[in-house]
Amino acid sequence: MKDDFWEITDQPLDIGDISRRVVPAECGATVTLDGYVRRFTNGRETEYLVYEAYEPMALKEMEKLVSRAQEAFDVSNIGIVHRIGKLEIGETSVVISVASPHRRAAFEACEWLIKELKRTVPIWKKEVYADGEIWIEGEGSRD
Amino acid sequence: MKVKLLFFGATADTVGKREAELWLDENSSADSALERIFAEFPILEQTHQKPSLLFSVNREYSRGDEIIKNGDELAIFTAVSGG
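Protein chains in written order, with the numbering used here: chain H, 1406 to 1548; chain R, 2 to 84.
Where hints are given, some of them may not hold.
What the hints assert, rightly or not - Not everything, but these chain R residues come out facing chain H in the computed CB check (under 7 Å):
| id | residue |
| --- | --- |
| 1 | Thr15 |
| 2 | Gly17 |
| 3 | Pro52 |
| 4 | Phe56 |
| 5 | Arg64 |
| 6 | Gly65 |
| 7 | Ser82 |
Stated by the list, open to error - Simulated pairs of lysine to any residue, SDA-like, Cα-Cα distance not exceeding 25 Å:
| id | chain 1 | residue 1 | chain 2 | residue 2 |
| --- | --- | --- | --- | --- |
| 8 | H | Lys1531 | H | Lys1407 |
| 9 | H | Lys1531 | R | Arg19 |
| 10 | R | Lys51 | R | Leu25 |
| 11 | H | Lys1469 | R | Glu22 |
| 12 | R | Lys18 | H | Glu1544 |
| 13 | H | Lys1469 | H | Ile1413 |
| 14 | H | Lys1531 | H | Phe1512 |
| 15 | R | Lys18 | H | Lys1469 |
| 16 | H | Lys1465 | R | Ala40 |
| 17 | R | Lys51 | H | Ile1413 |
| 18 | R | Lys5 | R | Leu25 |
| 19 | H | Lys1465 | R | Ala31 |
| 20 | H | Lys1491 | R | Thr15 |
| 21 | H | Lys1407 | H | Lys1491 |
| 22 | R | Lys70 | R | Gln47 |
| 23 | H | Lys1469 | H | Ile1539 |
| 24 | H | Lys1491 | R | Ser63 |
| 25 | H | Lys1469 | R | Leu25 |
| 26 | H | Lys1531 | R | Gln47 |
| 27 | H | Lys1407 | R | Glu61 |
| 28 | H | Lys1469 | R | Glu61 |
Don't read these hints as lab results, they were simulated from the structure. C-beta atoms are modelled at their ideal positions from N, C-alpha and C, and glycine is treated no differently.
Given only the sequences and the hints, what does the whole structure look like? Please build it.
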């Protein structure tokens, strides 16, 4: 749809702003995913994360996801914003916002979008611990 | 002919750079370009499981059979982990 958006930024994400950027007249619900940095992963404590993107390709892949979701689900508007750079614990790394006439389609599309984003969009996460750091590979299969 | 090769995240750490130039024969396929990359940067195979690495040509995931052209942008990286 014409108001769909997909973006990558190194600035903090304002969830409310992204969620409410588009409020289509025919819609009754927006489902918004607020993905943020977790402190404990498999029992190991993370100090902070660094996200890196292959930005032009990541934007192309995000655009493909949006158009595939528009075909597969009865939704009106989709917005995806991913943050890159250094993120502290609890900071939002990704927001996916889906508005639809009825909520079920928005929940389903939102779940599908985050699952596919984690599988296909060239963005990588480095977890930094007190005693080292590691680039995470293939997070998509974890949850 | 000359192409641009990009590394990201773990592969950039592995090779110690983010970008390189690669000389290929005319009409090389993506698969043969990938073999050239492994030959040129043997540390990639020593550090990563070869089948786990992803390869793109001009910002699209490679199918393997594309014909590479002069000036193309190739990239090699590990399985993605955004979100």
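Evaluated hints:
1. Interface hint status for R:Thr15: violated, as the beta-carbon distance to the closest one in chain H is roughly 10 Å, over 7 Å.
2. Residue-level restraint check for R:Gly17 is violated (minimum Cβ-Cβ distance to chain H is 14 Å; threshold 7 Å).
3. Restraint check, R:Pro52 versus chain H: the minimum CB separation of about 12 Å is more than 7 Å; hint violated.
4. With 7 Å as the threshold, the beta carbon of R:Phe56 stays out of range of chain H, its nearest partner Cβ sitting at about 11 Å, so the hint is violated.
5. Hint status for R:Arg64 relative to chain H: violated, with the closest Cβ pair at about 15 Å, above 7 Å.
6. At about 17 Å, the closest approach between the beta carbon of R:Gly65 and any beta carbon in chain H exceeds 7 Å, and the interface hint on this residue is violated.
7. Contact between R:Ser82 and chain H, as hinted, is supported at the beta carbon level, the nearest pair being about 4 Å apart and thus within 7 Å.
8. Annotation: proposed proximity of H:Lys1531 to H:Lys1407 is violated, straight-line Cα distance about 34 Å (limit 25 Å).
9. Distance check on the hinted pair: H:Lys1531 and R:Arg19 sit about 16 Å apart at the alpha-carbon level, within 25 Å; holds.
10. A hinted pair counts as satisfied when its Cα atoms are at most 25 Å apart, and R:Lys51 with R:Leu25 qualifies at roughly 20 Å.
11. About 29 Å separates the Cα atoms of H:Lys1469 and R:Glu22, which puts this hinted pair outside 25 Å; it is violated.
12. Simply put, R:Lys18 and H:Glu1544 have alpha-carbon atoms about 24 Å apart, close enough for the 25 Å limit, and the pair holds.
13. For the given pair, H:Lys1469 sits about 15 Å from H:Ile1413 by alpha-carbon distance, which is consistent with the 25 Å threshold.
14. Note on H:Lys1531 and H:Phe1512: the hinted pairing is violated, with a Cα-Cα distance of about 28 Å set against a maximum of 25 Å.
15. Proposed proximity of R:Lys18 and H:Lys1469 is contradicted: the alpha carbons are some 29 Å apart, above 25 Å.
16. A distance of roughly 30 Å separates the Cα atoms of H:Lys1465 and R:Ala40; the hinted pair therefore is violated under the 25 Å criterion.
17. For the suggested pair R:Lys51 and H:Ile1413, the alpha carbons sit about 29 Å apart, so the restraint of at most 25 Å is broken.
18. Of the supplied pair hints, the one linking R:Lys5 and R:Leu25 holds, its CA atoms being roughly 11 Å apart against a limit of 25 Å.
19. Among the hinted pairs, H:Lys1465 with R:Ala31 is consistent with the structure: their alpha-carbon atoms are about 20 Å apart, no more than 25 Å.
20. Only pairs whose Cα atoms come within 25 Å are accepted, and H:Lys1491 paired with R:Thr15 is accepted, the gap being roughly 20 Å.
21. At most 25 Å may separate the alpha-carbon atoms for a hinted pair to count; H:Lys1407 and H:Lys1491 exceed this at roughly 32 Å.
22. The hinted pair formed by R:Lys70 and R:Gln47 fails the criterion: a straight-line CA distance of about 28 Å is larger than 25 Å.
23. Between H:Lys1469 and H:Ile1539 the alpha-carbon distance is near 29 Å, which puts this suggested pair outside the 25 Å criterion.
24. Distance restraint check for H:Lys1491 and R:Ser63: the Cα-Cα separation of roughly 29 Å exceeds the 25 Å cut-off, and the hinted pair is therefore not satisfied.
25. Between H:Lys1469 and R:Leu25 the CA atoms are separated by roughly 30 Å; this puts the pair beyond 25 Å, and the hint is violated.
26. About 20 Å separates the Cα atoms of H:Lys1531 and R:Gln47, which keeps this hinted pair within 25 Å; it holds.
27. A distance of roughly 24 Å separates the Cα atoms of H:Lys1407 and R:Glu61; the hinted pair therefore holds under the 25 Å criterion.
28. Distance restraint check for H:Lys1469 and R:Glu61: the Cα-Cα separation of roughly 11 Å lies within the 25 Å cut-off, and the hinted pair is therefore satisfied.
Going down the numbered hints, you'll see the structure goes against 1, 2, 3, 4, 5, 6, 8, 11, 14, 15, 16, 17, 21, 22, 23, 24 and 25, while the others check out.
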